[in-house]
Structure formats: C-alpha cells, structure tokens
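Engineer: One-letter residues, chain by chain:
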Amino acid sequence: MPLVVTPSQTVGPFFSIGMQPVDVSIEPGGEQLIIQGRVLDGDGNGVNDAIIETWQADSAGQYADRSSRGWGRVVTDGSGTFQFSTTKPGRLVGVGDVVHAPHIAVTIFARGLLRHLFTRIYFPGEPSNANDHILASVPNDRRATLIARPSGPNRLEWNVVLQGRDETVFFEC
Amino acid sequence: MDRQLRTTIALAGYRRSLPGTQPEYLHSPYVSSRKRAPSKSLIAIPATLTEVTGPRFSSADVGTRESDLTRQHGGAPLGERIIVSGRVVDEDRRPVGGTLIEIWQANAAGRYAHASDQHDAPLDPNFSGGGRLRTDGDGRYAFTTVKPGAYPWGNHDNAWRPAHIHFSIFGPAFATRLITQMYFPGDPLLAADPIWNSIADEDARNRLVSAFDWETTSPGYALGYRFNIVLRGRDQTPMEE
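Order-wise, the sequence lines are chains E and R.
Numbering (this note's numbering) for the first sequence: 60 to 232.
Numbering (this note's numbering) for the second sequence: 26 to 266.
All the pointers check out, no bait thrown in.
Okay, derived cross-link-like pairs now, EDC-like style, lysine to aspartate or glutamate, Cα gap no bigger than 16 Å in a straight line: (1) E:Lys147 - E:Glu185; (2) R:Lys172 - R:Asp238; (3) R:Lys60 - R:Glu49; (4) R:Lys60 - E:Asp102; (5) R:Lys172 - R:Asp212; (6) E:Lys147 - E:Glu90; (7) R:Lys65 - E:Asp225; (8) R:Lys172 - R:Glu105; (9) R:Lys65 - E:Glu231; (10) E:Lys147 - E:Asp117; (11) E:Lys147 - E:Glu86; (12) R:Lys172 - R:Asp93; (13) R:Lys60 - E:Glu226; (14) R:Lys65 - R:Glu49; (15) R:Lys65 - E:Glu226; (16) R:Lys60 - E:Asp225; (17) E:Lys147 - E:Asp82; (18) R:Lys65 - E:Asp200; (19) E:Lys147 - E:Glu216.
Honestly, the hints are just simulated from the structure, not real lab data.
Go ahead and model the full structure; you've got the sequences and the hints to work with.
Structural biologist: See the structure below:
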C-alpha cells in the first residue's frame, strides 16, 4: 500500500520568518526582463501577504542540473504588487523532441490558500505559443490570463486573479 | 494526436491526491479562503520537464546551525525545549534525501516575531522562530526549538489557533512542493480549528499531528516529537491518453 501524501495547510501571514525572498540568478547575455504584477482576490483587492515562487529554464531552454539556478521567490507588498528580474527562458525541447513555448512555472502561496496554486507565465509575441500543448489545453477565452503583457522596455506585466470572472488559469500537475 | 505529442504526454509525472486527503481550496469556516479560493476548476495538465524538475539546494546554501532555533541569539529562549524530528519519504516509502526544509513558528507565548502580529503576548529577544536544514541521505531531519504557544486570531468569535509549526518542503521536483503545519498531540484546540478541519479525511488530518516520542527525548535536555512527511510519488507508468 502506498503512503498517503501529507496534507497541505496554508502558509499563513507570517511566512517571512522562515522563507526568505531569493532572486532568480541572472545569466549574462540572455534577454533580461522585469516582470511585475499584482495578486488580486475575488473582490479585486490586492493580496498583501502572498508569496510567489518561480522555476524556469535558462535562455538555452535547459533546466538547472542539481542547483537552484532558475528558481526564485518574491513576496507581495501592501498593494499586492510583486516584481522580479529574470532572463527570458528559451524554448524547451521535451521528451520526443516536442517543443514547448518559453514559460515560467509559478507557485502561489497566501493566507487563505489551503493549498498552493500552480500556474505559468508565457511571453507575448512568441510564435511558439501557437504550438504549445499546455496552452492549447486551456479554453481560448481564458488563455490570455497566462500571457504577460508588454509594459515598457524589457518590462512585462502579469497579474494573478485568484477568483472570479477574470480568474487566472490554475493547473493541476 | 500525432506521435510526438503522445510521447510528451507519456513522461511520468507525479500521482494525484486521493479524494479528501488534501484540503479543498474553499473551506468556508476558514474565512480567508472565501475570497481567495479559485472558483473555476483547475486544468489538469500532463507532466512536462517543467514539473518533474525543480531546484536543488546544496549544503553550502544552508548553515549547519540553522536547525537549532534555541541558539540564534545571546541567550536561551523561554519555553519548553523540544526536538522535532522525522523522515521525509515519498508515497512509495523512498527517502527524500538532501531536500530543503524551512520552518517558522510563534514563540512559547504564542507571538510571532513579525511586524503584522499584534497579539498582546511578549516577544522573546532570544527567539526569532525560523529554521532551515537539508534532510540527510535517508530523508531524516531534526530541529531543536521551543514548543510554540497557542494564539488568538480573528476568524470567528473566541478563535484560537492550536500550537503549530509551519513546514516548507521542496522534494525532488516542482510538482512535489509542500507547505503544511505540524500540530501537537492532545491539543484541545484542534477540534475547533477550521484550518486543520479543512482536510475532510480524518486519517489524513491526523497525519499532521506529531507524536510524542521517548526515543528522541533527550535526557535532561528536551522533549522529542516525531513528525514524518510524505511527498507525492512518481507515477509508476506514464499516463496514457
């Protein structure tokens, strides 16, 4: 008989005592980006105690081998805003030589979230988005929630709506 | 479906949870979940490289003294000294070695060393309440700390959180990430706690309650509590469409 996975519980409001923010380590030479956004609740209010972890490949589409390179962690401020700097990941070649569009995997924790949420950030104007099979599994009218918007030179905006009509797509993976 | 896509879908992912063993996002008695729980269904996706890889933290990332929360300041913190230990394994009982665990907790009086905690209980200048370590090759870990106090919160009338320690565990992949809370045996506040009760399955819920343990109780020094952690196991066979 397999064991039963330990149940999740909320991160609560005091996680910063134990979980420190970590910058995604930047590679020189890649396309440098600042990604900024807000985490919003079902009433459209900023979530001021969310923590976001990100995991991504490097600009050549490779995941770090036995290190934490490509992983980062940021917290939201009083208005629910977060921001991190990173290098745009490359297209990934998966099992069977299938190409995946560049993306950043995101985990969201907050008071009120009894389990964390998984989602992804995709990039605007990226031709390979059209062939990405994860994006293709998302209903058309919700796909835009996963794609960041240009907001200035080397800047992207990507918001997380936890609940409601414009709710971000969250994945079970 | 073309052959390549089928091959991608066949990458072995991590098993989905059994019904009732993980909390639902919306658990109305826990008021903070009402406006933060997603209202639409999650979209199930096949495992890709993104989910089956994840960060690895080396011993250089974690100081050896970070696992003893009673020795982070000039003096000893007040409270009942305890050793919390256990083993991290996956669903197939395979040890999860070299993985990062982070913990945080209130002090013995039930107060967090955090600007947002306004509970009228004393801070302890000798206790910050945060610790980290990496599991050994057999998945084992041990923290030395003090037993946290219960504290009131605003969820409902006369609401008190049972004593608990927050645990953050990474595991081998992005898909195995887990954040949870460890509770103490025999705590009368558990029965009324909406966070603990968000787990429908009683056996699963009780897995968050540590066990008092003579074996790890250190004579003349500290009481031992044991808390084992199970992370998601990898699918035996790839998911087929």
